[in-house]
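Just so you know, the sequences run in chain order A and B.
Count along the first sequence from 1, then add 1272; that gives the number in the working numbering.
Count along the second sequence from 1, then add 1111; that gives the number in the working numbering.
Note that these hints are calculated values from the structure, not bench results.
It cannot be assumed that every hint is accurate.
Said to hold, decoys possible - Cut-off 25 Å, straight-line C-alpha distance, at most; resulting in silico cross-link-like pairs (BS3-like, lysine-lysine): (1) B:Lys1188 to B:Lys1149; (2) B:Lys1121 to A:Lys1339; (3) B:Lys1149 to B:Lys1121; (4) B:Lys1121 to B:Lys1188; (5) A:Lys1339 to B:Lys1185; (6) A:Lys1339 to B:Lys1188; (7) B:Lys1149 to B:Lys1185.
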Amino acid sequence: MTRQAFLDRLRAGLRGLPASAINDIVADYDAHFSEGVAAGRGEAEIAAALGDPDRVIRELRAEAGLKRWEEERNPSAAANAVFAVLGLGAIDILVLLPIVLPIAGVLLGIGVAALACLGVGAVLFAVGPFVITGAPFAALVLAGLGLMSAGTCVGCLTTAATIGFINALVWYGRLHITLLKPALEPHYPAKTEVAA
Amino acid sequence: MVEAVQVQLKKGVLELCVLALLSRGDAYAYDISSRLAKGIGMGEGTIYPLMRRMQSDGLVATYLVESSSGPPRKYYKLTERGRDTFTAQQSEWTAFSDAVNDILGGAL
Chain A
1273 MTRQAFLDRL
1283 RAGLRGLPAS
1293 AINDIVADYD
1303 AHFSEGVAAG
1313 RGEAEIAAAL
1323 GDPDRVIREL
1333 RAEAGLKRWE
1343 EERNPSAAAN
1353 AVFAVLGLGA
1363 IDILVLLPIV
1373 LPIAGVLLGI
1383 GVAALACLGV
1393 GAVLFAVGPF
1403 VITGAPFAAL
1413 VLAGLGLMSA
1423 GTCVGCLTTA
1433 ATIGFINALV
1443 WYGRLHITLL
1453 KPALEPHYPA
1463 KTEVAA
Chain B
1112 MVEAVQVQLK
1122 KGVLELCVLA
1132 LLSRGDAYAY
1142 DISSRLAKGI
1152 GMGEGTIYPL
1162 MRRMQSDGLV
1172 ATYLVESSSG
1182 PPRKYYKLTE
1192 RGRDTFTAQQ
1202 SEWTAFSDAV
1212 NDILGGAL
């Protein structure tokens, strides 16, 4: 692969990241080629030693996704980080899925239940006393208030748990960001080279 | 199996190796990557995502130096935090590798 082809593929693969980050990254690899050529290596040789550009792209994207989650705690950044980690496709992350999915499901379930509680409480509080006959006015109002505050409370706890859960995933993902096989395999030096 | 062990080992020590190289003097990425590729057989492209992460973690900082051949070079240097991290990781590594060597050597 030529220098231009490698850099074009890199730039295309990083699309969607902030422009300044893309320029920085491409400039780093461009400089790498310049240094290599100055050291007397061919472009194809340098590109081969850099490894599969798709692998490089996945690692850089994952890193960018995780960094964004650390800077802004919102659902889109969370989804971004989780998908970036999954995109690394490391086997031991896939092995985690049977553990991760039930936890995510339970969190989602509790979240929905909290919202429902809030909704039912609000209805009970606002219209209950006028619709339901045979129960004391104050009891209905207080039950409504109680349900709403319980819903809010569980909702907050679930949000905190979700943030903690995604942090744990991100931490785990980070352990896997550095070199996996393709970047490594073809370039393991012979023993004589190490000694030299 | 041997291969998988090697990958895991390298992943673990890569950051420590970069910290060690930089503790002996500032360097630019091509220099770091070719020394590590030669020393521990790391893929050359791996260094760039790692350097970006170390920079966002505040372990290294960059500065530009004019080069006689071509555009200015981006040099990396350890920050205060990077230096502390290196000291801590180095003693952890030494303790750990001594313990493993003891076991391999049959001392336990």
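Starting from the hint list further up, note which numbers the structure goes against and sort them upward. none
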